[in-house]
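Peer 1: Residue-level listing of the chains:
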Amino acid sequence: MNYDLPFIPERSEKPRESGLTMVMDKGLSLRETEDFLSVAGDYTDMVKLGFGTSLVIPHLKEKLKIYNDAGIKTYFGGTLFEAFVIRNRFDDLLKYLAEFGMKYAEVSDGSMFIPHDEKLEYIRQLSKEVTVLSEVGTKSDDIPLSDSVWVDYMKTELEAGSWKVIGEARESGTIGLYHKDGSANRSLIDDIITNVDIDKVIWEAPNKGQQVWFIKLLGANVNVGNIAPLDVISLETLRLGLRGDTFYRFLPEDLQPNN
Amino acid sequence: MNYDLPFIPERSEKPRESGLTMVMDKGLSLRETEDFLSVAGDYTDMVKLGFGTSLVIPHLKEKLKIYNDAGIKTYFGGTLFEAFVIRNRFDDLLKYLAEFGMKYAEVSDGSMFIPHDEKLEYIRQLSKEVTVLSEVGTKSDDIPLSDSVWVDYMKTELEAGSWKVIGEARESGTIGLYHKDGSANRSLIDDIITNVDIDKVIWEAPNKGQQVWFIKLLGANVNVGNIAPLDVISLETLRLGLRGDTFYRFLPEDLQPNN
Amino acid sequence: MNYDLPFIPERSEKPRESGLTMVMDKGLSLRETEDFLSVAGDYTDMVKLGFGTSLVIPHLKEKLKIYNDAGIKTYFGGTLFEAFVIRNRFDDLLKYLAEFGMKYAEVSDGSMFIPHDEKLEYIRQLSKEVTVLSEVGTKSDDIPLSDSVWVDYMKTELEAGSWKVIGEARESGTIGLYHKDGSANRSLIDDIITNVDIDKVIWEAPNKGQQVWFIKLLGANVNVGNIAPLDVISLETLRLGLRGDTFYRFLPEDLQPNN
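Chains as they are written, first to last, in our numbering: chain A, 130 to 388; chain B, 130 to 388; chain C, 130 to 388.
No wet-lab data here; the hints were simulated from the structure.
Each residue gets a CB set at the ideal place from its N, CA and C atoms; glycine is no exception.
Be a bit skeptical, because a hint or two may be false.
[Said to hold, decoys possible] Restraint-style ranges between C-beta atoms, simulated for each label pair: (1) C:Pro273 to A:Asp326: 52 to 60 Å; (2) C:Ser167 to A:Arg253: 35 to 43 Å; (3) B:Asp281 to A:Lys309: 18 to 26 Å.
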């Protein structure tokens with residue numbers, strides 16, 4: 130902090146187990162990656178190379194090195210995992226991860242149907258090689274999961290070896306944890322909070338209103354994901370009560386509006 | 130201009146008293162700041178380090194130096210002023226401004242209630258140290274101000290020492306000067322124009338439609354604010370009638386569509 | 130590709146005649162231009178300096194050189210053509226193009242009315258100096274063109290010398306090819322596909338949903354335009370079936386969901 134103020138919530142420090150910020154990189158150049166980290170590196174814990182972008186971008190090894198050197202955990206988006214699995218190429222996925230020295234990987238079933246037993250088996254297999262994050266929720270609203278199934282999936286995936294479970298929202302923030310208009314699915318989220326260790330859950334929250342909603346509910350050190358690189362500093366001010374939306378969240382009783 | 134065309138409105142030149150563009154910086158890196166200025170420096174008059182970002186970003190002194198060297202006025206967002214005031218730390222705010230050599234500051238009451246007499250007193254106090262911009266309008270629509278109160282606040286804040294008064298719209302452009310759908314509150318804006326020196330007013334206009342609306346109403350040299358760094362060049366083309374939306378705005382009668 | 134996967138559609142290679150990606154540059158700095166190309170240069174065929182930005186930005190020659198050196202075709206936005214024409218300065222336009230060594234130019238009538246015979250004549254004239262792209266559709270929905278007029282305009286403009294014809298959508302993607310809500314005007318698009326060589330058509334598709342819609346309809350090597358620089362990598366994953374939205378588009382029958 131460039132100046133000390135009282136009543137600023139204490140933030141966890143890197144390497145964090147809670148208060149995580151997971152950023153989605155959709156194709157930054159090497160220099161843009163350096164720029165991003167020069168400002169927001171201390172506030173960024175993980176970077177997901179979104180969906181299949183890792184297959185397409187040039188200079189992948191150099192990019193991963195920049196993130197690694199800055200102490201940022203990197204992994205490829207879950208859609209890439211699914212792109213290998215739908216082609217019956219799980220072994221190739223392991224080779225791809227090894228070739229690029231990946232230490233983390235995401236398991237998801239957002240774009241294709243995978244029987245949950247099979248998904249758990251993928252988590253077990255991958256956990257032998259890398260640290261696994263697994264995502265719950267689909268990218269389509271054709272067959273929504275019931276709240277109790279969400280909770281069950283999160284718990285069994287953690288038991289199968291996932292380091293964290295991620296609540297799906299897409300990049301748009303209009304599905305899974307949220308209703309179509311982007312507002313939070315309160316009953317689902319309450320069920321998760323009641324039944325799953327919240328330090329183990331990363332909430333995809335791409336839009337400011339969603340970040341505000343989770344910070345108001347769970348405090349400065351909530352885990353959020355799918356954050357755009359340019360939004361990390363803004364998110365940090367929300368976490369600290371330094372933006373209008375969370376201005377009163379961390380102030381003591383006697384400074385609240387109606388006192 | 131890279132080529133001379135007739136019927137391009139004459140723009141004011143730096144240092145401008147009207148035709149101001151105020152940009153909101155939410156956390157650019159040093160290199161991104163240089164990049165932004167290398168393109169849009171001549172068209173940018175002021176940069177606000179939005180809300181509490183100045184407390185959070187690294188390299189604050191270096192960033193301020195880049196802006197100062199380019200002849201850009203810088204100040205910290207009004208929410209930061211309020212974050213000090215709600216904690217009864219106005220003296221600390223003065224120290225913070227002095228420590229970073231700030232020559233401008235914003236006074237606002239968008240996130241907290243400040244009796245207007247008290248706000249005027251803050252403007253008077255701060256004016257002794259720095260040049261003050263003050264913002265009128267709240268970030269919440271719980272208790273909207275009447276049009277006549279807006280006008281009264283703007284006039285008295287200018288009398289108390291504000292260099293310019295800013296009409297609130299948030300970063301989203303959906304409050305204060307605008308209705309919830311982002312369209313302009315015409316009767317409020319008419320009242321302000323009729324009663325306040327418009328060179329003294331900066332209209333927050335984060336969205337293109339709002340920039341177009343004000344340029345059509347008040348011409349190329351209207352003061353606008355909360356512009357995103359990447360939008361400054363686009364705004365400049367709107368000011369000059371070089372984009373579809375303002376294509377006919379500055380053309381003479383005989384070149385208008387129905388002639 | 131950083132790893133070989135089966136069932137990835139084959140993409141055309143530069144210099145492409147189909148599968149084109151046309152990007153809109155609204156004022157990137159020189160370094161941002163380099164950054165953009167370092168990631169997405171191979172996937173970018175043309176860059177339009179949007180509307181009148183070419184008149185306003187500094188370092189225009191240097192920017193054009195960066196694009197040229199990377200094998201990217203550049204041209205100035207159609208609104209600039211119209212800004213010269215409305216002022217009866219077509220000769221000056223030729224001088225401006227020559228002064229900056231432009232090899233491509235856009236002819237459009239989105240902001241002003243030009244009798245179609247006259248537009249064809251501009252295409253013929255300009256074709257003697259540069260390669261012409263012409264745009265069909267207006268920026269206003271006051272007088273929408275009928276589907277048959279769209280088709281007729283596209284055919285006659287190609288006959289008059291246009292290298293490609295562009296379907297208008299604006300930067301917002303809410304007009305011309307699309308309804309006001311951004312969804313595709315299916316009957317218009319069907320009429321164009323049936324009657325015009327689709328390799329000759331560039332579809333403005335600024336929003337992700339629109340890019341997905343055209344890729345699903347016309348495949349990986351559809352020509353799309355008005356793409357934001359930061360979206361080119363994401364577009365490329367959509368073209369290759371490496372993002373959720375087009376995940377199944379290029380997979381064989383036996384890998385489809387209901388098999």
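Peer 1: Each hint should be assessed against the structure and marked as holding or not.
Peer 2: Hint check:
no. : hint                             : in the structure
1   : C:Pro273 to A:Asp326: 52 to 60 Å : holds, 57 Å
2   : C:Ser167 to A:Arg253: 35 to 43 Å : holds, 39 Å
3   : B:Asp281 to A:Lys309: 18 to 26 Å : violated, 43 Å
Hint 3 alone, counting from the list given before, is not met by this structure.
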